[in-house]
Structures are given as structure tokens and as C-alpha cells.
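Q: Residue numbers (the working numbering), protein chains in the order written: chain X, 980 to 1091; chain H, 2 to 115.
Any given hint could turn out to be false.
[To be verified] Each computed PhoX-like pair below joins lysine-lysine, with the alpha-carbon atoms no more than 20 Å apart: (1) H:K59 - H:K107; (2) H:K38 - H:K23; (3) H:K43 - X:K997; (4) H:K72 - H:K23; (5) X:K1079 - H:K59; (6) X:K1079 - H:K43; (7) H:K107 - H:K43; (8) H:K43 - H:K58; (9) H:K38 - H:K107; (10) H:K38 - H:K58; (11) X:K1079 - H:K38; (12) H:K107 - H:K23.
[As the list claims (entries may be wrong)] From chain X, some residues computed to sit far from chain H (all C-beta separations above 10 Å): (13) L990; (14) T999; (15) S1043; (16) E1051.
The set of hints was computed from the structure by calculation and includes no laboratory data.
Note that the Cβ used here is the ideal one computed from N, Cα and C, for glycine as well.
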Amino acid sequence: EADIYQTPRYLVIGTGKKITLECSQTMGHDKMYWYQQDPGMELHLIHYSYGVNSTEKGDLSSESTVSRIRTEHFPLTLESARPSHTSQYLCASTGGAGVKAFFGQGTRLTVV
Amino acid sequence: GENVEQHPSTLSVQEGDSAVIKCTYSDSASNYFPWYKQELGKGPQLIIDIRSNVGEKKDQRIAVTLNKTAKHFSLHITETQPEDSAVYFCAASDSGGGADGLTFGKGTHLIIQP
């Protein structure tokens, strides 16, 4: 089992609310990622980080933002949630070249 | 950039039969090919991977084959069991396995019929 954790597992929230999805790993990995998974199960990279104070946008444009103040922590924030943000969000990490990528259990977000 | 095609999108097999999922990639620089299994309500879990210097790798009922010339790789599951039902993703990378270099296929929903 990989030591990467996401909270909450499920979240139902009203439109306009600010939310933060948490992701933490205890493996000391430098690289961390956020994927958005659509109902068809396809994975879309929305953010990634190479280490502390590093954040990059992924292939899929997202209104969310991320921060990387500590190596083990990579939270994702939506300033004003909308129904179009309803999705499954997956966090992943890897320790660098030649090291495998591990995923968290995911956060299922529903915006009503 | 890399493009990974995965087929089929849905695969239904009888329990005990074999299942094969195929992927093709476009970037000849890709050298790492992992497979992930995602069960309902969970995140993807790495089940097997192969590097470009190897043609085949086995782990109990699971095997992966790689044809670098044709740029395709396949997942083989023998003696399928109900717990094999899940969504399977292939991926390709040229950066040694880090997720920033991973390009995923669109997934195959494997259904094991009792």
C-alpha cells in the first residue's frame, strides 16, 4: 500500500463555496500531481509540482489552484465552486526518475 | 508529445477465461510502461510495469508484453476471477516513471462474468 492520503473522500458543497482538497504523502516524494477523472474514467493532469515552491499547470485547464509549501503536502483549492467542478480528483506522487507513481484514494466532489 | 491508444474500452469475459488489453504509443523515446488497476471508489493501483529493455514480464496471473518495433504493449490476465473486475489503464513515459511524464490510455472496463 502506498502512503498517500486524500481527504475528504467525499464532499458535497453548494455553489460559490471555497473548498480545499487535501493530499499528503509520507514517502518523501519530490513530485506530486493532481488528476481530474471524468465519468468516462479518463485521467486528465491538471496540476503538478517538482518540489517545494514549485507548481505547474497540467494538460487540462482548471480553475483550481495548488500550493506546495511542504514536501509532503499538496492541497488543491477552488475559490468558488461551481457544478461544472463536480468530478473525481486524484492525487499522485513519485520520488523521481525511475520511481513508480502512486495514487491516493481520490476525492469525489459534488457541487450543487 | 506522446499519444497512447487503448483498446477495447469495455471487455467482458467468462470467469476462468483470459483477458487481453492492448495499447499503442507514438513516441519512440518512451521507455517505461506501467499498468494500473482501478477498483470502484478507489484510486488507480500499479499492478505491473515493464521497461523497454525487456520484452515480457510476468507476475502470477498477470503478464505484460512489449513490442518496441511496433510500439505496442499488452496486458494479459489468465484464469480471470471476479476480483479482476475493474478499470485498467496503460501508460507510457520517457522520464523513467515520474507521473509528469506518464501519458495514460483512456482505460478499459473489464467485466468478469460468473
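Q: Each hint needs a verdict: does it hold in this structure or not?
A: We went through each hint and held it up to the structure:
1. Under the criterion of a C-alpha separation no larger than 20 Å, the hint pairing K59 (chain H) with K107 (chain H) is inconsistent with the structure, at around 23 Å.
2. Straight-line distance between C-alpha atoms of K38 (chain H) and K23 (chain H) comes to about 14 Å, which keeps the hinted pair within the 20 Å bound.
3. Between K43 (chain H) and K997 (chain X), the direct Cα distance comes to roughly 25 Å. Violation of the 20 Å bound is thereby established for this hinted pair.
4. Pair hint K72 (chain H) plus K23 (chain H) holds up; C-alpha atoms about 11 Å apart against a cutoff of 20 Å.
5. Restraint check for K1079 (chain X) and K59 (chain H): satisfied, since their Cα atoms lie roughly 17 Å apart, inside the 20 Å limit.
6. Between K1079 (chain X) and K43 (chain H) the CA atoms are separated by roughly 18 Å; this keeps the pair inside 20 Å, and the hint holds.
7. At most 20 Å may separate the alpha-carbon atoms for a hinted pair to count; K107 (chain H) and K43 (chain H) meet this at roughly 17 Å.
8. Pair hint K43 (chain H) plus K58 (chain H) does not hold up; C-alpha atoms about 26 Å apart against a cutoff of 20 Å.
9. With a C-alpha separation of about 12 Å, the suggested pair K38 (chain H) and K107 (chain H) falls inside the 20 Å cut-off, and the hint holds.
10. Note on K38 (chain H) and K58 (chain H): the hinted pairing holds, with a Cα-Cα distance of about 17 Å set against a maximum of 20 Å.
11. For the proposed pair K1079 (chain X) and K38 (chain H), the alpha carbon gap of about 14 Å is at most 20 Å, so the pair holds.
12. At most 20 Å may separate the alpha-carbon atoms for a hinted pair to count; K107 (chain H) and K23 (chain H) meet this at roughly 12 Å.
13. Distance to chain H confirms L990 (chain X) as a non-interface residue, since its nearest Cβ pair spans about 14 Å, more than 10 Å.
14. Residue-level check passed: T999 (chain X) sits 19 Å from the nearest beta carbon of chain H, beyond 10 Å.
15. Every CB of chain H lies more than 10 Å from the CB of S1043 (chain X), the least distance being 17 Å, so the non-interface label holds.
16. The Cβ of E1051 (chain X) lies farther than 10 Å from every Cβ of chain H, with a closest approach of about 16 Å, so its non-interface assignment holds.
Violation of the numbered hints given earlier is confined to hints 1, 3, 8; the remaining hints are satisfied by the structure.
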